[in-house]
Every structure is written in structure tokens, then in C-alpha cells.
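Visitor: Sequences are here, hints too, so could you generate the full structure?
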Amino acid sequence: MTHPPNTGLPTARPLNEPELLRLVDRYIALPDRVRRVLSLALRRLRDGTERLEIEDRVIDVCIALEALFMEDGEFRNQRKIVSRRGSWYYADSPQEREQARALLKQFYAQRSAFVHGSHPESLTPGEEHDLIAMTVDVENVARASLRDMIDGGRPKDWEASKEARAIRHDPPRQKTDIPSVKSESLSWTLAEQEVIDQALEGVWRQGIDNAPERPAGPASTVHQGVDANAIRQCRQGGIPYVISVPILLYMAHPKWPQEKGDPLDERTKYYCERDVEKHMRRWQEAADKKGLHRFELPLEEPETYLPENYDGWLRILRWKER
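So the number in my numbering is just where the residue sits in the sequence shown, counting from 1, plus 109.
Treat the hints with care, as some may be off.
List of simulated lysine-lysine pairs, BS3-like, C-alpha gap at most 30 angstroms [claimed, not checked]:
#, residue 1, residue 2
1, 387, 399
2, 387, 364
3, 189, 214
4, 364, 271
Each pair of labels, with its calculated beta carbon distance range [claimed, not checked]:
#, residue 1, residue 2, range
5, 369, 280, 47 to 55 angstroms
6, 400, 144, 25 to 33 angstroms
7, 345, 132, 53 to 61 angstroms
8, 379, 148, 12 to 20 angstroms
9, 186, 159, 41 to 49 angstroms
Hints listed in this document are in silico derivations from the structure and should not be mistaken for laboratory results. In this text, a Cβ means the ideal position worked out from N, Cα and C, and glycines have one as well.
Guide: Put into C-alpha cells, the structure is as follows:
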């Protein structure tokens with residue numbers, strides 16, 4: 110399947126702290142039933158960002174969309190209902206509604222393909238990139254809608270969405286009246302995420318690829334911490350191994366503070382931590398797939414990896430150079 114690289118829909122930006130605190134207050138004040146529905150959407154959007162498989166991420170996002178735009182007892186025609194109501198709720202112009210409707214329909218077509226047996230492994234690299242781009246666009250629609258519902262509650266009914274060119278705001282909002290709900294969201298932009306993933310994968314990929322295949326013998330072992338004696342035994346026995354050190358990922362992260370005293374807001378810290386967790390998993394999975402012995406340090410609080418603390422990691426990092 111193909112997906113145009115530029116949908117014309119707004120891109121995502123991290124939330125700033127004042128907006129986050131305001132949204133938390135509004136969320137707490139919502140009626141219990143509305144909060145439960147939005148909580149499901151929020152959890153699924155959060156879970157989707159942790160998925161390693163694009164198929165699982167697509168399904169999580171669809172569940173979030175259905176929580177936002179479907180009602181109790183509606184179990185059929187998800188593609189039609191979500192694309193109609195979602196585009197109506199999200200859009201600020203008839204043109205934007207058409208863009209959002211087409212995007213949601215195409216996304217549900219991909220979900221249907223996965224549910225009926227299509228495997229992500231059959232996608233070409235270009236198709237996989239297009240699918241990731243489309244998923245990010247849909248996540249932005251869902252997140253923007255979720256934030257608006259936290260601010261104003263869910264619609265009491267969806268009758269107005271049945272008119273093909275209708276939009277939720279009549280008359281349409283002026284650009285100056287549209288809140289940052291569309292210019293900001295809860296994640297990096299796709300372009301930013303690609304740069305981040307490339308930088309973090311650069312920390313571990315070459316070492317995995319260059320490591321020799323494990324010779325026949327005892328199964329690979331996972332060591333918690335950097336055990337000098339065990340590392341020495343691996344070297345003496347010609348046993349290939351890898352050392353997974355979170356600090357290297359933080360140091361390579363383009364969004365992480367580079368110098369002592371550089372500012373770090375809560376949202377940036379949160380998403381940097383998620384990126385590092387993701388690449389620690391990928392590092393570990395790649396090592397296991399190749400049968401390498403693993404020495405890994407546990408993840409600690411993000412503040413542990415600030416530039417002010419780099420000197421404390423030098424002793425550990427030297428083990429990688431010996």
C-alpha cells in the first residue's frame with residue numbers, strides 16, 4: 110500500500126508543562142463515564158508508542174479511535190463510523206475534513222489487512238516507511254481529538270457528522286482561535302523520530318553486526334551488570350558478547366542535554382526515556398537473535414544520565430575499550 114508523505118495535516122510537537130498541568134486538571138474534573146472512555150483511548154495511544162511491531166501499533170491506535178468516536182453498543186462499520194465522526198470532530202475546514210476522512214479510511218483498510226492475515230514482513234522498506242508515516246498522522250488526529258475532548262467533553266450526539274461537508278465548528282474558527290491542540294501533541298514529529306532512531310541505533314547496530322556468530326557450545330547468558338571476571342572469561346574463551354549501557358544511548362540522543370546546565374523539561378525527559386527504553390530492548394533482542402552473551406546495566410532514573418554525571422560513568426565505559 111502507499112501513503113502520500115505529506116498529508117497536509119498538522120504535525121506533532123511535545124506538550125509544554127503549563128498545558129500539561131491544565132489538561133490534567135480538566136481531565137480530573139470530567140464525569141466518570143467520560144473519563145473512563147478517554148482513559149481507554151489514552152492508554153492505547155500510550156501502549157502503541159511502546160510496540161515494536163507496526164501491526165500491534167496499528168491495532169492499538171484503532172482501539173483508541175473507537176473509544177473516542179464510537180458509542181456503547183456500536184460493534185460494526187468501524188471504518189465508516191470512525192472516518193466520518195473522526196474527520197468531523199477534528200477538521201476546521203471541509204478540505205481538512207476530506208483529508209482526515211481519507212486518512213482514517215486508508216488506515217482502517219490496513220488494519221483490516223492485518224486482521225485478515227496480511228503480515229508486516231511482506232511490506233517492502235518503502236511500504237513500511239509509508240505505513241509508519243500514516244500511523245503517526247492518525248495518532249496525531251487521535252491525540253488532538255483526545256485533548257479537545259478533555260477540554261470540552263465528548264459530543265452528546267454525532268448527528269451533525271452525517272453531513273458530508275460539515276465541520277464541528279460553525280462558523281469555522283479563525284486561525285487565531287484554534288488552540289495549540291493541532292500544533293502540539295504528545296510525541297516527536299516523524300522527521301524528529303527518524304533522526305533520533307538513527308542516532309540511537311548507531312550506538313549498537315555496528316557492534317551487533319560485526320560480532321562473530323556464537324560458536325557451538327553453552328547457550329548465551331545474560332549478566333546483570335558489568336562483571337569483569339565474566340567478561341575476561343568470554344574474551345579468553347573466544348565467546349562473543351555485547352555490553353548494553355544506557356548512558357551511551359542518552360549521550361547519543363539529539364534531544365538530550367549535551368552540556369552541563371542545559372535545560373531539560375519534563376516532556377522531553379519523558380520521551381527521551383521512552384526512546385532509550387525502546388532501543389535497549391532492540392539492542393537486547395538483536396544480541397539474543399545472534400546468540401551473543403549479554404552484559405547489561407539496568408535503566409535508572411533519567412537524571413542519572415545528565416551531563417553532570419558523565420564522569421561517574423567513565424569507569425564503566427572503559428570496560429568497552431579494554
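Visitor: Measure nothing beyond the straight line between the CA atoms of residue 364 and residue 271; if it is 30 angstroms or shorter, mark the hint as holding.
Guide: Answer violated: residue 364 to residue 271 is near 43 angstroms, above 30 angstroms.
Visitor: Is it true that residue 400 and residue 144 lie within 25 to 33 angstroms of each other by Cβ?
Guide: 48 angstroms, violated
Visitor: For the pair we were handed, residue 189 and residue 214, check the Cα-Cα distance against 30 angstroms.
Guide: This hinted pair holds, its Cα atoms lying about 7 angstroms apart.
Visitor: So if I understand the rule, the pair passes when the alpha-carbon distance is 30 angstroms or less; does residue 387 with residue 399 pass?
Guide: Roughly 19 angstroms separates the two Cα atoms, so the pair holds.
Visitor: Return holds or violated for the Cβ distance of residue 186 and residue 159 against the range 41 to 49 angstroms.
Guide: Given a distance of about 29 angstroms, which is not inside 41 to 49 angstroms, the answer is violated.
Visitor: Given the hint of 12 to 20 angstroms, is the C-beta distance from residue 379 to residue 148 inside that range or not?
Guide: At 18 angstroms between Cβs, range holds.
Visitor: Taking the beta carbons of residue 345 and residue 132, is their distance inside 53 to 61 angstroms?
Guide: Holds: the Cβ-Cβ distance is about 57 angstroms, inside 53 to 61 angstroms.
Visitor: Is 47 to 55 angstroms right for how far apart the beta carbons of residue 369 and residue 280 are?
Guide: Since the Cβ atoms of residue 369 and residue 280 sit about 52 angstroms apart, the hinted range of 47 to 55 angstroms holds.
Visitor: Between residue 387 and residue 364, is the straight-line Cα distance small enough, at 30 angstroms or below?
Guide: Cα-Cα ~15 angstroms, so holds.
Consistency with the previously given hints fails for numbers 4, 6, 9, ordered from lowest to highest.
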